[in-house]
Structures are given as C-alpha cells and as structure tokens.
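Build the complex from these two chains, which are given one at a time in their own frames, with help from the hints.
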Amino acid sequence: MKKKTVLIARIAILLLSVILISIGAYKGKTKDTQNKGSMICLECIGLG
Amino acid sequence: MDKRRKITQILITLLYNPHLGNILSGRLHTGKSKGVCVPGLNCYSCPAAAGSCPLGSLQQTLGNLKKGINTYVIGTILLFAAVFGRFVCGWLCPFGLIQELIYKIPVPKCMKRLKVLGWLKYAVLVVLVILLPVITYIEKGMGYPAFCKFICPQGTIGGLFLIRASETLRAQAGMMFTVKVIILIGIVICSAFVFRPFCRFICPLGAIYGLFNRIALVRIKVDKGACTDCGTCKKACPMRLDPVKECNHADCIRCGKCIADCPVKALSFSGKEGIEKIKKAASK
Ligand code: SF4
Ligand code: SF4
Ligand code: SF4
Numbered sequence: 294m295k296k297k298t299v300l301i302a303r304i305a306i307l308l309l310s311v312i313l314i315s316i317g318a319y320k321g322k323t324k325d326t327q328n329k330g331s332m333i334c335l336e337c338i339g340l341g
Numbered sequence: 007m008d009k010r011r012k013i014t015q016i017l018i019t020l021l022y023n024p025h026l027g028n029i030l031s032g033r034l035h036t037g038k039s040k041g042v043c044v045p046g047l048n049c050y051s052c053p054a055a056a057g058s059c060p061l062g063s064l065q066q067t068l069g070n071l072k073k074g075i076n077t078y079v080i081g082t083i084l085l086f087a088a089v090f091g092r093f094v095c096g097w098l099c100p101f102g103l104i105q106e107l108i109y110k111i112p113v114p115k116c117m118k119r120l121k122v123l124g125w126l127k128y129a130v131l132v133v134l135v136i137l138l139p140v141i142t143y144i145e146k147g148m149g150y151p152a153f154c155k156f157i158c159p160q161g162t163i164g165g166l167f168l169i170r171a172s173e174t175l176r177a178q179a180g181m182m183f184t185v186k187v188i189i190l191i192g193i194v195i196c197s198a199f200v201f202r203p204f205c206r207f208i209c210p211l212g213a214i215y216g217l218f219n220r221i222a223l224v225r226i227k228v229d230k231g232a233c234t235d236c237g238t239c240k241k242a243c244p245m246r247l248d249p250v251k252e253c254n255h256a257d258c259i260r261c262g263k264c265i266a267d268c269p270v271k272a273l274s275f276s277g278k279e280g281i282e283k284i285k286k287a288a289s290k
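Respectively, the protein sequence lines represent chains Y and G.
Start counting the first sequence at 294; every next residue gets the next number (this note's numbering).
Start counting the second sequence at 7; every next residue gets the next number (this note's numbering).
Be aware that one or more of the hints could be misleading.
Each computed DSS-like pair below joins lysine-lysine, with the alpha-carbon atoms no more than 27 Å apart [claimed, not checked]:
#  : chain 1 : residue 1 : chain 2 : residue 2
1  : G       : K251      : G       : K241
2  : Y       : K324      : G       : K73
3  : Y       : K296      : G       : K230
4  : G       : K73       : G       : K146
5  : Y       : K297      : G       : K227
6  : G       : K230      : Y       : K297
7  : Y       : K324      : G       : K146
8  : Y       : K296      : G       : K227
9  : G       : K240      : G       : K230
10 : G       : K251      : G       : K240
11 : Y       : K296      : G       : K115
12 : Y       : K320      : G       : K240
13 : Y       : K295      : G       : K251
14 : G       : K230      : Y       : K295
15 : Y       : K296      : G       : K38
16 : Y       : K320      : G       : K230
17 : G       : K38       : Y       : K324
18 : G       : K118      : G       : K251
19 : G       : K118      : G       : K12
20 : G       : K227      : Y       : K295
21 : G       : K227      : G       : K118
Which bits of chain G does chain Y cover? Going by a derived footprint, with three or more residues having C-beta under 8 Å, they are [unchecked claim]:
#  : region
22 : 57–63
23 : 105–115
Here are a few chain Y residues that face chain G, going by a calculated C-beta distance under 8 Å [stated by the list, open to error]:
#  : residue
24 : V299
25 : A302
26 : R303
27 : I314
28 : G317
29 : K322
30 : T323
31 : T326
32 : Q327
33 : K329
34 : G330
35 : S331
36 : C334
37 : E336
38 : C337
39 : L340
Quick caveat, the hints were computed from the structure, so don't treat them as lab data.
Please read all numbers here as calculations on a predicted model, not as lab measurements.
No residue lacks a Cβ here, since even glycine has one placed at the ideal position from N, Cα and C.
Next up, chain G with everything else stripped away, as it sits in the complex (with noise of 0.2 Å):
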C-alpha cells in the first residue's frame, strides 16, 4: 500500500506540476487548466504548475469580495472535502510527499502526539485564510491573502524558483522573503524529526479537508468483530492516531499504514467491498 501511495503521490506532483521547462525560465503557465483547482496545496505562482491552488483562490476571493464571492471555489473546496477528505493529503499533495520524504532521513524521531499544537491549524484557518484578507478587504478595498502572504511555504518554494530567474523580482525580495525562507526552512528541519509537521500543526487546507472526514466517501471502516485489540496499527499510525477509536479523525491522512499492519485484517477503507463487488460482477 506504502508504494502503492508513494507512486500516486509522485504522479500527482509531477500532474499537477507539468511545465518544468518554465522554472528555467521564470515564466507561468497561463493556459485553461489554471481555472481549475486542483486538491492538494500547489502554489498557482509556481512556474511548473499548471492549476490552481485552492487555498489561494479561496484567499482571493475572500479579499476581493466587490466582484461578488467565487462560488466555483467554494464548490470545488467543498466537493474535495466531500469526496476524498484528509484522503488528499495522505495521497494527493505534493507537500505531504516533500515532508515524508524528508522525514525519511535517519535523525531521532518524536513520536509525541502534540495534540495541543494541533488547533493550531484551526486558528491559522480562521485567522489568516478568513478573517485578515476580508478585514483588509474592509478597510483597504483590496485584501491580500495572509496566510500566503506570512506563512505559505509552498509559495515560497515558488518564490525561490521565480527569483533566482528574475533580476526584477530578486531585487524586490526584503525582509518578507526572508522571513518566509526561515519559516521554509524550519519546517523543512522540524520534518526531519516530527512527521509532518506542517500538515499536522499548521495546514489550513488540511484543516478544512478534516473536517469533512467523518462524512466523505473514503472513509476507514473498523470490524470490531474482527479486531483483537492487539494495538499494532495504532503503533503504526504515523499521525499518532489510534485508529480503532479515531478512524475517522480529522487527522487521518487516510495513509492506509493502519490497514496494511493490522494481521487480522480488521480495518478497511470504505466502499472497497462494493468496488470488489463491481470487478466480480464485471469479471462473470
């Protein structure tokens, strides 16, 4: 299953980051599909990127509310959260795969819930993606998108791409910039030790997608006949969940670690057994 999502996070990077030529050259792609969102968090100013990144969007529209509020958006946030939940982030985002892949690197590891540092990201959502880009809509006319604006590191990566080609933009760069790449590279060093951090503690889009878990199609289904209570998937939850009492927690990335472990096979992801119905069907 490890590979299995590996392999679709990657195709799912390189999917939503198709134009590698353009980080040579600095250029945005500016074709159709950047009126499309994709799921996961992929910054819109990244030179590879062919969509938009939802956040950001929800963002712009929250800080230019005289053109009236982008329901396309809202819609498409809503039907992610719906749909597949935190499942985008265990499978779908380019930033889940850099933070696990640099969480791969042989330091010690905390195995720490840190469940306090995990409202974090509610407050993030609430202030910096809602509340600021409307306030400074009021009183500005125009608001920006704070939580791009102070924290994104996605759009940061973006950034550096842009700068190192482009004379103008490096010489714009001030202290805002410097401060995103310390925030950049903290989390990059915090990934090294704690896994995901960003997702777990920060992660407004993440935020929003968990709390459609309880509801969304893909969903983790527990046989409480089946399950011996032994505890090995809650040892293998990297999101330090107990998944028989938390299956549908709004901190599962629905990274599947707890199906494949458990040796009586008492977790499962939802609608499996119609899709296997299906296939039988199909096969007679």
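Chain Y with its partners taken away, still in its complex shape (with noise of 0.2 Å):
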C-alpha cells in the first residue's frame, strides 16, 4: 500500500472512532458496558 493511501485509511479510521466512541458516549452506552461488566456473565465462564 502506498504512504500516502495508509495515512488517509488511518485517519479516517481515527475520525470514524472517535466519532463512534463519541455518539456512544453521548447515548449512555459506556454505562451499558459498565452494567455488563458488573455482573457475573454467565456464558463467559461457561455455566451459561
């Protein structure tokens, strides 16, 4: 891949997720990961 065409994937990359992390910030959802992250998953150690 040429120089040129990696540094505008990247930074286009970098915008897409700080504007993703952004939108999801807004709506609350890092509380979801929190929720989630609170609770014993039970899938996650197999006895789901």
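Here it is in structure tokens:
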C-alpha cells in the first residue's frame, strides 16, 4: 500500500472511531458496558 | 527489548486486574472503570478485572440489538486497532503473556508456520463473534456471546476463580464448563510446544487487530538499503514470519525480536525517528 493511502486510511479510521465513541458516550452506552461488566456473565465463565 | 516487553506485559496484566482480593471473595469489581474496554483479552467476569473485555462487549451488543448497537464499544476497538494493530498482542494482553510463559517450559518446540491453521481465527471471528450472537438474537430475542460461551479460555480462568469462591456457582457447573476447562487445558499444553497457539490460530480479537496492522500507527519499517538479507530476523521471529517481506503481516504481534536481532539495524518501529527528533529538540 502506498504511504499516502495508508495515511488516509488511518486518519479515516481514527476519525470514525472518535465519532463512534462520542456518539456512544452521548447515548450513555458506557453505562451499558459498565453494567454488563459488573455482573457475572454466566456464558463467559462457561455456566450459561 | 524483550525484557522491556515482559515488564510491560506484567504491568499491564496488573493494571487490568488490580482487584486481586476479589479472587478470594469471588466478588466482581463494579466501579466506573468497568465502563472502559481494555485493549487486550481480559474477561470482565474475572473477579480481579478493573475494565471490560472488548470482545465480550462486542458480542453482547450484537446479541442485544433491540437496545441499538453500542457504537462506543465498536469505536473503542477501532481506535485500538488504528493506533496499535497487533502491538496490543505483543505488549498489552495478559493471555499473550500467559502463553509466552508456558512456552518457556523446556520441551521440544514446533517451529512450523502452520499457515492454514492461521485462517481459523477469521472463521471464529465471523461465526462465533458476529453471526451466532446476531442469529440467536433474531431467533430468540436475546443472543448469546458464542465465543465466550464455547471457547474463551480467559473467561474459563475467571470462572475457575468464581467457582472456587461460590458454592452456588459450583452447583451450576455442568457439561459446558467441563468442555471449556478441557479447551483451556488443551491450550495450556499446546502453548508449551507451539508459540502462542491461541493467538495464532483461534483468537478473534487478534484477528481484528491483525486486519489493521498495515495501516496502524505502530508499524515496522524495513530499510531495504541496509538489509544484507542475512536471514537473522526470520530465524528470530516467534510467529514464523519473514520480517523483511512481511513486516506488516496480520500475524505480526510487534514483539520487536526481529528489530533487536538485526545485526545492521535495518528494521525499526515506525515513528521512532519522530520520537527521537522530539527528544533531541526537547533536550536543546
Ligand atoms: S469470556 Fe473471553 S471474550 Fe468473553 S468477556 Fe470473557 S474474556 Fe472476553
Ligand atoms: S491474539 Fe488475542 S489472546 Fe493473543 S495477545 Fe492478541 S488479543 Fe491477546
Ligand atoms: S516480524 Fe518481528 S515484530 Fe513481528 S512477530 Fe516477527 S519478530 Fe515479532
């Protein structure tokens, strides 16, 4: 891949990730993640 | 470089899992830090964990689409991928460290690349991480995290801690748990003979990060003019790659062994000169 293409792809993905994180944070999705991570996930440990 | 990397891996493991006291009590940490996904594979159902697992969180959102897709989780994974690529695997993942420590056991080693097996992780990503959670959601209204449920050895380790501490959970442990423990034991045994078998052939998180290795900020550069084609780096690479030809291959975990071993310093991490320039300017 050419240097310029790599740079454009990287910047685009970085921008996209920041936008997605911001939208998620605005919609309170960090709280969803926190709630899920704060309960024992029976599937994760092999019991569900 | 390898010593620096080991120290980083140990510190990161402790940083991801600082609540060691919870291992005895079998309680989970429930603070705000659980709202943050860590870069590496680290089960949020492990009592010591401070943060959330990106892969578990991704499956959770795909299996519960009525709540709307969790763009925060997808954005976080993309951010780690675009900045680090598989540098996460080489430096920032506790399960990578565990396998490397087991590999130190002095038994005969398999030095083959086993390229075909390398494709398995992409199948695991598509089928267990993406398709099954979505399909079971469409069918039952609530999908399950299939990779966590059927395979993830990191989750099994957390489960073993929880089961040891809780009689109720112990009573619930059935066939599925036995299968997961067998998978964990299989990975542990293979790790003594093969370098990081889980990372190379199974881990879907490594598969995601690998797809971004070519464009990630942290990459490896080859100075073709300096390279004498001596083959030292190829011999040093634990992932069995040829760094001169494949320095940004999806399987490169950015361990830096090739960089350290090159006798003419033809390999380097990209961005290093920039950092050196900044350091020089700052010291003037
Ligand atoms: S079981 Fe594995 S993939 Fe699932 S949340 Fe735990 S560590 Fe992550
Ligand atoms: S491949 Fe998976 S388990 Fe291995 S180091 Fe990378 S994220 Fe961790
Ligand atoms: S190519 Fe170099 S940095 Fe990548 S895995 Fe091999 S030795 Fe490590």
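Any hints this thing doesn't respect? Which numbers, in order? The structure breaks hints 11, 12, 15, 16, 23; every other hint is satisfied.
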